[in-house]
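Trainee: Given the structure of chain E, go ahead and fit chain L with the ligand onto it with the hints provided.
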Amino acid sequence: MVAKTLYDKLWDEHVVRVDDNGTALLYIDRQLIHEVTSPQAFEGLRLAGRTPWRTSANLAVPDHNVPTTDRAAGISDPVSRIQVEALGTNCLTFGITELGMGDKRQGVVHVIGPEQGFTLPGSTVVCGDSHTATHGAFGALAFGIGTSEVEHALATQTLIQRKSKSMLISVDGKLGTGVTAKDIVLAIIGKIGTAGGTGYVIEFGGEAIRELTMEGRMTVCNMAIEAGARAGLIGVDDKTVEYMRGRPLAPQGELFERAAAHWLTLSSDEGAQFDAVIHMDAADIKPQVTWGTSPEMVLPIDGKVPSPEDADDEVKANGIRRALDYMGLEAGTPLTEVRPDKIFIGSCTNSRIEDLRAAALIAKGRKVAESIKLAMVVPGSGLVKEQAEAEGLDKIFVEAGFEWREPGCSMCLAMNADRLESGERCASTSNRNFEGRQGQGGRTHLVSPAMAAAAAVTGHFVDVREL
Amino acid sequence: MEAFKNFTGVVAPLDRANIDTDAIIPKQFLKSIQRTGFGPFLFDEWRYMDHGEPGMDCTNRPRNPEFVLNDPRFAQAQILLARENFGCGSSREHAPWALTDFGFRVILAPSFADIFFNNSFKNGLLPIVLDAKVIDALFAKATGETPLSISVDLSAQTLTLDDGTCISFEVDAGSKHRLLEGLDDIGLTLQEVDLIRAYEERRRAETPWLFI
Ligand code: SF4
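Quick mapping for you: the protein sequence lines, in order, are chains E and L.
Residues in the first sequence are numbered consecutively from 3, following my numbering.
Residues in the second sequence are numbered consecutively from -7, following my numbering.
So here's chain E without its partners, still in its complex pose (with noise of 0.2 Å):
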């Protein structure tokens, strides 16, 4: 038998049909639906008359444009509103199951979709957000797609596709300790750029990367997109396996013990090709900080900012200047001495009970420094705020400084109120840091939840292995 990737196997067993020329017919077994991507969608359904396929395949929550303070008071701004509430006519008309504001289980979507067991090990997973990479570390074949391809997705439970590359990038040895997942794939997008992984679908693999928990692989495959990839994925094991059982929406009993079976041959089989193997070393690998306005401007704490001098080419030396610029930072300037404005942890990278938990363990008995304007930590979902609240990791952040909000996207985009004012800077847990990304002007540097929490309380980038 040929030895196969677990892409192979993820595409071999969704393909409906195929066509000469290559283009497939694939077929989706589970979408997520958020306010933004969606109306349209549904507006082409009702009229064309259609009805989803299969509703239960479907599962929608509101996250982009969703207040993380008071829910009470609703949403202040119209435009959000209306998306929000368009959102809620619309899963009601079509029959799809909406974890509405109201809910505890709200929250960032690609959070919530684990958490409720929606997705599952070997599905396709697709959803009109780029994210949607982040499902590949169920061993899930998951990927973004736009409002037409949702639409599609809708009404006939299958895409349009052609199969990408693949590449394998593998982390080898351990991790040393304060190195988290976040700084492992800030690190792989440093390595390959931001177009290193166009055309490919990349597995992780390696020792670094089976060692890391579920949460932490989550973090890894959620920025695969940010190298370029079309998916992120990493291969079944007991972990993702003990991940799923008893989550609301994963099968249970004896049919727990049927896919858990399946799900454990879900992975890369010994001599697989790939089309590009990449090997890193997990030991090399230092907490990490953007610097610049593409996540691939990143460098480890200890570095400095570059110069337009260092780079090979004028291309990229004209990259640097913008992004100096932007960012208003001078050339050589250690990472240390670089003085966020505002902390941001969260998102749909890092907002998940390992991350807080991690930042909590920094913000104990210590204080947001006084010149951070706002600290804030917003949980990934409303059971992921529960869970921490139940640690009692809500106390050590707020007797610390931080504020203590409602899950959403937040600041990872500034849809809602949350934003960065312009020329502000912020210690951001997120996984975009171009330019506006979190309010207009506004100077996004990306680090894991533990080196946010840092900076938060030293009130400049610090390496947390010293704390």
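It is worth saying that the hints were derived from the structure and are not from the lab.
Do not take every clue at face value.
Said to hold, decoys possible - Listed next, the in silico DSS-like pairs over lysine-lysine satisfying Cα-Cα at most 30 Å (straight line): (1) L:Lys(-3) - L:Lys125; (2) E:Lys176 - E:Lys6; (3) E:Lys306 - E:Lys366; (4) E:Lys11 - E:Lys165; (5) E:Lys167 - L:Lys114; (6) E:Lys165 - L:Lys168; (7) L:Lys(-3) - E:Lys165; (8) E:Lys288 - E:Lys165; (9) E:Lys397 - E:Lys375.
Mentor: Here is chain L with the ligand on its own, set in the frame of chain E:
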């Protein structure tokens, strides 16, 4: 998508080159949660003297008397005549949505921007490329005393002018088929219902946990 039927319609001459999608439907209207309702805002900045915002009632907005669509003779036009590189700029599918919502079904131009061209077919709008000389001649007729009307026959790939002149045009066979049948990608995929159902049946047996 509705099937494309033969029709006879009035031609609105819009004598500009490089009409971009932001001109067709300005960016503030992308906040809309709908795919319909863009018609009143089609060419908003050219059509009205004030600044348009989504949700506005356009009935009493001050109109630009110079703009072709404000001429009552063209208010019901179904064919738009334009110059080269029509639909350049951003990829917004809102552009064909606005054109069809207004009532246009055919656009005649010497050339189209690629993405707009493809988006049009997805939305039942037929973009027809004609030789620049033919377009010139059509402009001459369409701007005369009485509006020009044209009969469009997609199956025969012909345009018949009201004076009897017949012009033939090219269209890609696949796109033509989809338009005539009223098939969008979803429509086409739904022709494979049996295959999808058979797949589901097999998977339901093999991996029942996926079918909650
Ligand atoms: S948290 Fe950020 S990246 Fe994740 S889904 Fe929300 S907006 Fe997108």
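Trainee: Would you check the hint for lysine 397 of chain E and lysine 375 of chain E, treating anything up to 30 Å between C-alpha atoms as holding?
Mentor: Measuring from Cα to Cα gives roughly 20 Å; hence the hint holds.
Trainee: Holds or violated: are the alpha carbons of lysine -3 of chain L and lysine 165 of chain E at most 30 Å from each other?
Mentor: violated (37 Å)
Trainee: For the pair supplied as a hint, lysine 176 of chain E and lysine 6 of chain E, confirm whether the alpha-carbon distance does not exceed 30 Å.
Mentor: holds (27 Å)
Trainee: Are lysine 167 of chain E and lysine 114 of chain L close enough, with their CA atoms no more than 30 Å apart?
Mentor: holds (28 Å)
Trainee: For the pair supplied as a hint, lysine 165 of chain E and lysine 168 of chain L, confirm whether the alpha-carbon distance does not exceed 30 Å.
Mentor: holds (27 Å)
Trainee: Can you confirm whether the C-alpha distance between lysine 306 of chain E and lysine 366 of chain E stays at or below 30 Å?
Mentor: holds (29 Å)
Trainee: Given the hinted pair lysine 11 of chain E and lysine 165 of chain E, is their alpha-carbon gap at most 30 Å?
Mentor: holds (12 Å)
Trainee: Does the alpha-carbon distance linking lysine 288 of chain E and lysine 165 of chain E stay inside the 30 Å limit?
Mentor: Judged against 30 Å, a Cα distance of about 35 Å means the pair is violated.
Trainee: CA of lysine -3 of chain L to CA of lysine 125 of chain L, is that 30 Å or under?
Mentor: Judged against 30 Å, a Cα distance of about 27 Å means the pair holds.
The structure does not agree with the numbered hints 7, 8 stated previously, though it agrees with the rest.
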